[in-house]
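We have chain A already, so just place chain B on it with the hints.
These protein sequence lines map, in sequence, to chains A and B. The first sequence: position 204 = 619 (the working numbering), numbered continuously. The second sequence: position 133 = 303 (the working numbering), numbered continuously.
For the record, the hints were derived by calculation from the structure and aren't laboratory data. Note that the structure is predicted; figures quoted are calculated from it, not measured. Cβ atoms here follow ideal geometry from the backbone N, Cα and C, with glycine treated the same way.
Ranges between beta-carbon positions, derived for each pair:
1) L217/B <-> L524/A: 40 to 46 Å
2) A378/B <-> L524/A: 33 to 39 Å
3) K407/B <-> V441/A: 37 to 43 Å
4) A527/A <-> E271/B: 47 to 53 Å
5) F321/B <-> I528/A: 41 to 47 Å
6) D266/B <-> A641/A: 34 to 40 Å
These are the residues of each chain, in order.
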Amino acid sequence: MWTFFHKLGSPPWLYAIAGTILRWLVPITLIALVAGMIWGLLFTPPDFRQGDSYRIIYIHVPAAVVALAGYYVMAIAGAISLIWRMKMADVVMRAAAPVGAALTFIALLTGAIWGKPTWGTWWVWDARITSMLILLFLYLGVVALYESFDNKEAAGKACAVLSLVGMVNIPIVYKSVDWWYSLHQPASIKFTGESTIDPSMLYPLLLMIAAFYALFTCCLLMNIRAELLQRESRTQWVKKIASEKGAD
Amino acid sequence: MQRQHPQSCSRGCLLSVPHTGQFCARVLRRQLLLAVRRPIEIGNPLLFFAIVIVLFPLGLGPSPERLVSFAPGVLWITALLSNLLTSDAVFRSDFDDGSLEQLILAPQPLFFSALAYILAHWLTTGLLLAAVSPVFALMLNLPVSALGALFVSLLLGTAVLSLLGGIGAALTVGLKRGGILISLLILPLYMPVLIFGTAAVQAAMTGAPSGPYLAILGAMLSLAIALAPLAIATGLKVSIDA
Numbered sequence: 416m417w418t419f420f421h422k423l424g425s426p427p428w429l430y431a432i433a434g435t436i437l438r439w440l441v442p443i444t445l446i447a448l449v450a451g452m453i454w455g456l457l458f459t460p461p462d463f464r465q466g467d468s469y470r471i472i473y474i475h476v477p478a479a480v481v482a483l484a485g486y487y488v489m490a491i492a493g494a495i496s497l498i499w500r501m502k503m504a505d506v507v508m509r510a511a512a513p514v515g516a517a518l519t520f521i522a523l524l525t526g527a528i529w530g531k532p533t534w535g536t537w538w539v540w541d542a543r544i545t546s547m548l549i550l551l552f553l554y555l556g557v558v559a560l561y562e563s564f565d566n567k568e569a570a571g572k573a574c575a576v577l578s579l580v581g582m583v584n585i586p587i588v589y590k591s592v593d594w595w596y597s598l599h600q601p602a603s604i605k606f607t608g609e610s611t612i613d614p615s616m617l618y619p620l621l622l623m624i625a626a627f628y629a630l631f632t633c634c635l636l637m638n639i640r641a642e643l644l645q646r647e648s649r650t651q652w653v654k655k656i657a658s659e660k661g662a663d
Numbered sequence: 171m172q173r174q175h176p177q178s179c180s181r182g183c184l185l186s187v188p189h190t191g192q193f194c195a196r197v198l199r200r201q202l203l204l205a206v207r208r209p210i211e212i213g214n215p216l217l218f219f220a221i222v223i224v225l226f227p228l229g230l231g232p233s234p235e236r237l238v239s240f241a242p243g244v245l246w247i248t249a250l251l252s253n254l255l256t257s258d259a260v261f262r263s264d265f266d267d268g269s270l271e272q273l274i275l276a277p278q279p280l281f282f283s284a285l286a287y288i289l290a291h292w293l294t295t296g297l298l299l300a301a302v303s304p305v306f307a308l309m310l311n312l313p314v315s316a317l318g319a320l321f322v323s324l325l326l327g328t329a330v331l332s333l334l335g336g337i338g339a340a341l342t343v344g345l346k347r348g349g350i351l352i353s354l355l356i357l358p359l360y361m362p363v364l365i366f367g368t369a370a371v372q373a374a375m376t377g378a379p380s381g382p383y384l385a386i387l388g389a390m391l392s393l394a395i396a397l398a399p400l401a402i403a404t405g406l407k408v409s410i411d412a
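Next up, chain A with everything else stripped away, as it sits in the complex (with noise of 0.2 Å):
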């Protein structure tokens, strides 16, 4: 088992490990996607008052909860950077940044659709949006950081000290429906008691949820391959991948 965790340190391994999971879950994630998509878009009922709009939580609701389940990787993989002074862990932090910076984007826009036809505006200064558009700042906060160091090492430490002060903000996101009264509803699904969506829509949702969290898994480990490349661009392995490309 400890073997497994400190191949985790090699980049060639990291490299070759990320290459084979993708293998398989690419195709997965795909799979998963298309199917949640059609069954919640064309296969679900029609919610009594809000018609078909509603059908966009099957885009909105994975992306909000995946974009904060990013911040937690990024944040966890900077403290490991932090405390074992692991340079795989950087990789990983600066690899999450984007992906979670582009799903807070698309759970914001897709917000911002609905809510034009429902609550008769794009935009509204609510605790949970507001809290939301932070998270962007912070995921983009790191990436401007971690761009403007040229020493990457020193890059992915202090992107780590960032995420990790950051991580107060997630918190507030979560309770932030349940802290202030707010005109975003409260979460419908709840691990413990009755969820108040009913199984019919539920099903798709838990399904396009497990299938952004693939594909944030799925993006994530293509961003850490890309990263490892170009840290490692005048390694040896990294120039044998290279003319083994160029030769096909």
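What follows is chain B alone, placed relative to chain A:
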């Protein structure tokens, strides 16, 4: 924080190592002395505060009713910006002349010396901003009953801002152009302080108790004092290594 230092030998000491408390007091004194020797550095954020406040009546129109409804936000945002602009320089000159490296090498924990830097920064910006804010609040027609809440909320809030700004300063001090980057990093973290700071003043304006909001600001300050110096210390070490 008792530590055994190599210098504190039994056979008569040539070098005496100050205790952490003494050391921090010296750091604080040095920072304040540096600030006092260059009074313009203290004056600049206050002037900035005054000038930006003047922009609002010009931009929003001078009608007193409208100004008073914007006053808490205007005062708070302006204080926040002048705090942000000064926090870039907290470690800058010491990084350039190498004394920051000495500070990191010193046997005293960086946690407390970083706290001393931040305290000096707050004393020369936040405290003074809070002290002059009632004057500008009256110019914006803020009712006298809200002045107390404004003063206390700025007093507590700018201390949190100084601590958070210190994190940004520590992370960007090694970079050539830290100026705009520090705003990108730190402004998202400033937002909760802004929310509760303005809420306290608005509550006081409408006659509601502002105590709960001030208590939350106090809680934020306690948390920031406990955790921010850790991040500042790590950030400084990262910047020195880079």
